[in-house]
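I would like the entire structure built from these sequences, with the hints used as guidance.
Protein chains: 2
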Amino acid sequence: MSAIGTHLILEMYDCPAEVIDDLERVREAVREAARAARSTLLHEAAHSFQPQGVTALGLLAESHISVHTWPELGYAAADVFTCGEQARPREACECLARRLEAGRYEIQELERGAKAPPERPARVPEPAPAATGPRPGQCDVG
Amino acid sequence: MSAIGTHLILEMYDCPAEVIDDLERVREAVREAARAARSTLLHEAAHSFQPQGVTALGLLAESHISVHTWPELGYAAADVFTCGEQARPREACECLARRLEAGRYEIQELERGAKAPPERPARVPEPAPAATGPRPGQCDVG
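So the sequences go chain by chain: A and B.
Under this note's numbering, think of the first position of the first sequence as 1, with each following residue one higher.
Under this note's numbering, think of the first position of the second sequence as 1, with each following residue one higher.
Each hint should be verified, as a subset may be incorrect.
Same chains, same label: a pair holds when it works inside one copy or across any pair of copies.
Stated by the list, open to error - Derived lysine to aspartate or glutamate pairs resembling DMTMM-like cross-links, with alpha carbons at most 25 Å apart:
#, residue 1, residue 2
1, 115, 85
2, 115, 21
3, 115, 18
FYI, nobody ran anything at the bench for these hints, they're computed from the structure.
Small disclaimer: the values here were computed from a predicted structure and weren't measured.
Here's what the structure looks like:
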């Protein structure tokens, strides 16, 4: 039975505080990670916390990317969830780690939906804004 | 060394297609899950796919909730990431499974940030809209 999606859990340590406390920088990292994953960013949500820390979420045609940061610890927690054979979630993780200047990072891979019935979904993303990158094909499972 | 956050991975199977294809219902489930987690919902993003399937993301003061659905498979993938001792992410998962009428579900727990330095963050959520539930205290790690 094949999985419906791939969910990567990304732990980033030793990130410069000023980098991961910069909301626009983290948002731009999410946008670039979506492109690196060959995914389509449909919506964004982001928030800057006091006294520090940011969260940025990207809703993808292929699922989501999240980043939460703790600048005081140099730590950023991210996940990249994608479906479809075209998606490249690992490239998205590497992109995030590079953009957020992580001194070290770890990726854990989870298969999602492995116990769902074997039919294939045919989710067709709606057209995305031109600025968010190329539109993928159907979000078929592998 | 204690973790900074708890990340629960929730697999929901045997969900009625009409329930998990209903964007408003899934959004409402995320809102209720945030309340069940004793968390504060700061922003939402949601999308309805063609021919079916929805995604709903909730940005919490304490991290995030995501739900992605495949009505044609009766499958919904969710995750609930929280920080802080007050948060109750497992209650949020149980709430989602109940609201999305999952015939069966599985929860996997991941500790996030366990290798970060031991300092304690002091993230203070900004005031949330009144409708999104009680405001938590500081998002301290346990």
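Classify it for me, residue 115 with residue 18: is the Cα-Cα distance of at most 25 Å met within a copy, between copies, both or neither? Answer is between: at 20 Å across copies they meet the 25 Å cutoff, but 42 Å inside does not.
For the identical chains here, do residue 115 and residue 21 meet the 25 Å Cα criterion within one copy, between copies, both, or neither? between (39 Å within a copy, 19 Å between copies)
Status of residue 85 relative to residue 115 across identical chains (alpha carbons, at most 25 Å): Within. Shortest intra-copy distance 18 Å satisfies the 25 Å Cα cut-off; inter-copy 32 Å does not.
In summary, the structure agrees with every hint in the numbered list given earlier.
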